[in-house]
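Student: Sequence:
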Amino acid sequence: MSSRFDVVQQGPPIEVFNLMKLFQEDTNKNKVNLGVGAYRDENGKPWVLPVVRQMEKQMAADETLLHEYLPVLENHHLVFVKSGFSQPRVYRYWDPKRRAFDFEGMVEDLSGAPENSVILLHACAHNPTGIDPTREQWEKIADVMEQRKLFPFFDSAYQGFASGDLDRDAWAVRYFVQRGFELVCSQSYAKNFGLYREST
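Counting from 1, position 194 in the sequence shown corresponds to residue 194 in the UniProt record's numbering; the numbering is continuous, with no gaps.
One or more hints might be untrue.
[Claimed, not checked] With a cut-off of at most 20 Å between alpha-carbon atoms, the simulated EDC-like pairs for lysine to aspartate or glutamate come out as follows:
#  : residue 1 : residue 2
1  : Lys-191   : Asp-165
2  : Lys-21    : Glu-42
3  : Lys-140   : Asp-95
4  : Lys-191   : Asp-167
5  : Lys-149   : Glu-182
6  : Lys-140   : Asp-102
7  : Lys-140   : Glu-104
8  : Lys-140   : Asp-109
9  : Lys-31    : Glu-15
10 : Lys-149   : Glu-139
11 : Lys-82    : Asp-155
12 : Lys-31    : Glu-42
13 : Lys-140   : Glu-115
14 : Lys-29    : Glu-42
15 : Lys-31    : Asp-41
16 : Lys-45    : Asp-26
17 : Lys-29    : Asp-41
18 : Lys-82    : Glu-15
19 : Lys-191   : Asp-132
20 : Lys-149   : Glu-115
21 : Lys-140   : Glu-108
22 : Lys-191   : Asp-155
23 : Lys-149   : Asp-6
24 : Lys-45    : Glu-25
25 : Lys-97    : Glu-108
26 : Lys-149   : Asp-109
27 : Lys-140   : Glu-182
28 : Lys-97    : Asp-109
29 : Lys-140   : Asp-155
Everything labelled a hint here was simulated from the structure, so no lab data went into it.
Can you make the complete structure from the sequences, with help from the hints?
Tutor: Okay, here's the thing in structure tokens:
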């Protein structure tokens, strides 16, 4: 069976893993690992500045701090641009007026997407809204994607955070696989298993 990936060449090794290895082998007692996105103490444990903890408490207690965010992460857009996609688009997902998932808007946008478009989907615990499609809605999304020959790219960074059950939160990805979709699933265990440093 042929695959869309038959023509893809092997990429270069990931530099960050080599840097982590070099850091672990370095015997300098004054070394500091700034490559993991978090400052760590001498035991490798995350360390938060006391002033940051103080401000987090202060901001959490301030009821006047209300924010609205576009329900997509800018880093996804940047990843696609840097990967050579010339016109990444955002499909509707969050309806700020209803304060709810815009299922109809999403389906309409997917129905109008060019054939063979790559569609980024959050497997569960949508970031930043936290709102996920129901199973019936996932089935309709899969129908549209199959009809339009769209390529699913699942981002699964919060498995277990939506329902509290790792198995249940994998349902959408498994459903698409059962339907026969060829897809990519970017799976992270950094948050749900506390394995940020391991880049899993």
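Student: It remains to establish, for every hint, whether it holds in the given structure.
Tutor: Hint check results:
1. Lys-191 - Asp-165: holds (14 Å)
2. Lys-21 - Glu-42: With a Cα-Cα distance of about 17 Å, the restraint between Lys-21 and Glu-42 holds, given a limit of 20 Å.
3. Lys-140 - Asp-95: holds (19 Å)
4. Lys-191 - Asp-167: holds (16 Å)
5. Lys-149 - Glu-182: Judged against 20 Å, a Cα distance of about 10 Å means the pair holds.
6. Lys-140 - Asp-102: Measuring from Cα to Cα gives roughly 13 Å; hence the hint holds.
7. Lys-140 - Glu-104: It holds: about 10 Å lies between the C-alpha atoms, which stays within 20 Å.
8. Lys-140 - Asp-109: holds (13 Å)
9. Lys-31 - Glu-15: At roughly 19 Å apart (the allowed maximum being 20 Å), Glu-15 and Lys-31 satisfy the hint.
10. Lys-149 - Glu-139: This hinted pair holds, its Cα atoms lying about 15 Å apart.
11. Lys-82 - Asp-155: Status holds; Cα separation ~17 Å.
12. Lys-31 - Glu-42: holds (9 Å)
13. Lys-140 - Glu-115: Judged against 20 Å, a Cα distance of about 17 Å means the pair holds.
14. Lys-29 - Glu-42: Status holds; Cα separation ~9 Å.
15. Lys-31 - Asp-41: Holds. Lys-31 to Asp-41 sits at ~11 Å (cutoff 20 Å).
16. Lys-45 - Asp-26: holds (18 Å)
17. Lys-29 - Asp-41: Cα-Cα ~12 Å, so holds.
18. Lys-82 - Glu-15: Roughly 17 Å between the alpha carbons, so the hint for Lys-82 and Glu-15 holds.
19. Lys-191 - Asp-132: holds (18 Å)
20. Lys-149 - Glu-115: Status holds; Cα separation ~5 Å.
21. Lys-140 - Glu-108: holds (11 Å)
22. Lys-191 - Asp-155: OK: Lys-191 and Asp-155 at ~13 Å, within 20 Å.
23. Lys-149 - Asp-6: holds (18 Å)
24. Lys-45 - Glu-25: holds (18 Å)
25. Lys-97 - Glu-108: Within the cut-off at roughly 18 Å; holds.
26. Lys-149 - Asp-109: holds (14 Å)
27. Lys-140 - Glu-182: holds (17 Å)
28. Lys-97 - Asp-109: holds (18 Å)
29. Lys-140 - Asp-155: Between Lys-140 and Asp-155 the Cα gap is close to 19 Å, so the pair holds against 20 Å.
No hint from the list above goes unmet by this structure.
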